[in-house]
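Q: Chain residues, written in single-letter form:
Number of protein chains: 2
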Amino acid sequence: MTYTLYGYHASDNCYKIKLLLNQLEIPFHYKEVDIVKGESRTEEFLPQVNPVGCIPVLAISSTATLTESNAILIYLAEDTPFLPKEKFKRAQVFQWLFFEQYKHEPNIATLRFWQKCLNRKKTDKQWKDKMEEKFTNGEEALRIMNDHLMNNAYFVGNSYTIADICLYAYTHKAHEAGFNLNSYPHILQWFKRIEKQDNYVKFE
Amino acid sequence: MTYTLYGYHASDNCYKIKLLLNQLEIPFHYKEVDIVKGESRTEEFLPQVNPVGCIPVLAISSTATLTESNAILIYLAEDTPFLPKEKFKRAQVFQWLFFEQYKHEPNIATLRFWQKCLNRKKTDKQWKDKMEEKFTNGEEALRIMNDHLMNNAYFVGNSYTIADICLYAYTHKAHEAGFNLNSYPHILQWFKRIEKQDNYVKFE
Chain A
1 MTYTLYGYHA
11 SDNCYKIKLL
21 LNQLEIPFHY
31 KEVDIVKGES
41 RTEEFLPQVN
51 PVGCIPVLAI
61 SSTATLTESN
71 AILIYLAEDT
81 PFLPKEKFKR
91 AQVFQWLFFE
101 QYKHEPNIAT
111 LRFWQKCLNR
121 KKTDKQWKDK
131 MEEKFTNGEE
141 ALRIMNDHLM
151 NNAYFVGNSY
161 TIADICLYAY
171 THKAHEAGFN
181 LNSYPHILQW
191 FKRIEKQDNY
201 VKFE
Chain B
1 MTYTLYGYHA
11 SDNCYKIKLL
21 LNQLEIPFHY
31 KEVDIVKGES
41 RTEEFLPQVN
51 PVGCIPVLAI
61 SSTATLTESN
71 AILIYLAEDT
81 PFLPKEKFKR
91 AQVFQWLFFE
101 QYKHEPNIAT
111 LRFWQKCLNR
121 KKTDKQWKDK
131 MEEKFTNGEE
141 ALRIMNDHLM
151 NNAYFVGNSY
161 TIADICLYAY
171 THKAHEAGFN
181 LNSYPHILQW
191 FKRIEKQDNY
201 VKFE
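Heads up: the sequence lines are chains A and B, in that order. Residue numbers for the first sequence follow this note's numbering, so the first one is 1 and each next one is one higher. Residue numbers for the second sequence follow this note's numbering, so the first one is 1 and each next one is one higher.
Just so you know, not all the hints are guaranteed correct.
Intra- or inter-copy, both count: the list cannot distinguish identical chains.
[Unchecked claim] In silico lysine to any residue, SDA-like type, Cα no more than 20 Å apart, as pairs:
id: 1; residue 1: Lys130; residue 2: Trp114
id: 2; residue 1: Lys85; residue 2: Ala64
id: 3; residue 1: Lys103; residue 2: Lys130
id: 4; residue 1: Lys89; residue 2: Val52
id: 5; residue 1: Lys89; residue 2: Thr63
id: 6; residue 1: Lys103; residue 2: Phe113
id: 7; residue 1: Lys87; residue 2: Leu24
id: 8; residue 1: Lys125; residue 2: Tyr154
id: 9; residue 1: Lys116; residue 2: Ser61
id: 10; residue 1: Lys202; residue 2: Thr2
id: 11; residue 1: Lys87; residue 2: Leu5
id: 12; residue 1: Lys103; residue 2: Asn50
id: 13; residue 1: Lys103; residue 2: Asn137
id: 14; residue 1: Lys103; residue 2: Trp114
id: 15; residue 1: Lys89; residue 2: Ile60
id: 16; residue 1: Lys89; residue 2: Ser61
What the hints contain is simulated information worked out from the structure, not anything from laboratory work.
In isolation and in its complexed conformation, chain A is listed as follows:
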């Protein structure tokens, strides 16, 4: 069965999956779910597609679906060059995937979503403190990435893996969340290496 990806056009958690599927040359169907209009919380979506009410969702068969963008990346990358076979290197990939969902995405992606999709502004008294906190935490995540890339071409084992795909997703859109990436030169150089990979596709 051909995979179906349920996603939202402005979500880089969905873009990660699209990029990997393209680089693996796996064809897939795509269904847009407008999360801003609440389409991930409807009676059709919730019980059948994802009881947690989030996108992306990868439908593998008519009865089997997977959620959590980084779990989907691991599922698709297994037995491909995008996920090393050696045990410690695999663990390092997983380490960066959890780092991304804990320290990076909740700050940088959320800040971008608030501004780009919900039109919240730092000048609104109601949002100021929350946005500043996310900005500080996002800067810390970018600093950790930049420091690592000072001595490494990629995140794990000197080759391009799902750790890079996962971290590239929201980092390459961080300027839309208000971050100045010129402060992180090693990240900018890493972008260039990623964008030269075979079957690289831009965010639409």
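Position chain B relative to chain A; hints supplied.
A: Here is chain B on its own, set in the frame of chain A:
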């Protein structure tokens, strides 16, 4: 080499690792790092043990360390009954590990840490809104778990895996974060199944 676990006594992210190591009957050294006193941000800890400045850290050799509690769980559980071999079941385990770090731990664990370790109170005007937001999100995570356990003895494939260990950690301490677990009877029944597992150890 014997593993060394760097942890903090009140952290259930560390308890997860201790529980799995005990159930795998793997001996290990333990080093306490007092995060409240800033010991995870010192010049000795940061560059050598973990540049991200978090615990737990598992030192595998004198030069190799792993961070992110759930990445450590995967590393230790590979090729054991705690992580299925079948590809889709493995992906479902990873899905719950990411759910825990994204929707569960940042709400339930943080709320517990604020109250238990930093002595913050809901009655403080400064913390009220933040604590209420985390409480609402924590309740949503517990509801999703309880719904899943209504028809499943464990989180994946009807057997005890690292998905259960990972979610048990902060859930069985959720009352210390102000949650009333009597509202989640399927979670309470699942606790009993976990606590009967071979080599189960309580949180110290």
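Q: Each hint should be assessed against the structure and marked as holding or not.
A: Tested hints:
In this assembly of identical chains, the alpha carbons of Lys130 and Trp114 lie at most 20 Å apart whether taken from the same copy (11 Å) or from different copies (17 Å). Taking identical chains as interchangeable, the C-alpha atoms of Lys85 and Ala64 lie at most 20 Å apart only when they sit on different chains, with a minimum of 17 Å there against 26 Å within one chain. Both within a single protomer and between protomers do Lys103 and Lys130 lie at most 20 Å apart by alpha-carbon distance, with minima of 15 Å and 18 Å respectively. For the identical chains of this complex, Lys89 and Val52 are inter-copy neighbours only, at 18 Å across copies versus 31 Å inside a copy, given an alpha-carbon limit of 20 Å.
In this homomeric assembly, Lys89 and Thr63 come within 20 Å of each other (Cα to Cα) only across copies, at 14 Å, whereas the closest approach inside a single copy is 33 Å. In this assembly of identical chains, Lys103 and Phe113 lie within 20 Å of each other by CA distance both inside one copy and across copies; the values are 16 Å within and 17 Å between. Taking the shortest alpha-carbon separations for Lys87 and Leu24, only the inter-copy value of 17 Å comes in at or below 20 Å, while the best intra-copy value is 22 Å. When the C-alpha separation of Lys125 and Tyr154 is checked against a cutoff of 20 Å, the pair qualifies neither within a copy, at 40 Å, nor between copies, at 45 Å.
Taking CA atoms no more than 20 Å apart as the test, Lys116 paired with Ser61 passes in neither setting, with 33 Å inside one copy and 45 Å between copies. For the identical chains of this complex, Lys202 and Thr2 are neighbours neither inside a copy (22 Å) nor across copies (46 Å), given an alpha-carbon limit of 20 Å. With identical chains, the CA atoms of Lys87 and Leu5 are at most 20 Å apart between copies only, with a shortest distance of 18 Å across copies and 29 Å within one. Taking CA atoms no more than 20 Å apart as the test, Lys103 paired with Asn50 passes between copies only; the shortest distance there is 15 Å, against 24 Å inside one copy.
In this homomeric assembly, Lys103 and Asn137 come within 20 Å of each other (Cα to Cα) both inside a single copy, at 7 Å, and across copies, at 18 Å. In this homomeric assembly, Lys103 and Trp114 come within 20 Å of each other (Cα to Cα) both inside a single copy, at 17 Å, and across copies, at 18 Å. For the homomeric pair Lys89 and Ile60, the shortest alpha-carbon distance between copies (13 Å) is at most 20 Å, but the shortest distance inside one copy (27 Å) is not. Taking identical chains as interchangeable, the C-alpha atoms of Lys89 and Ser61 lie at most 20 Å apart only when they sit on different chains, with a minimum of 14 Å there against 30 Å within one chain.
Against the hints set out earlier in the document, violations occur for numbers 8, 9 and 10.
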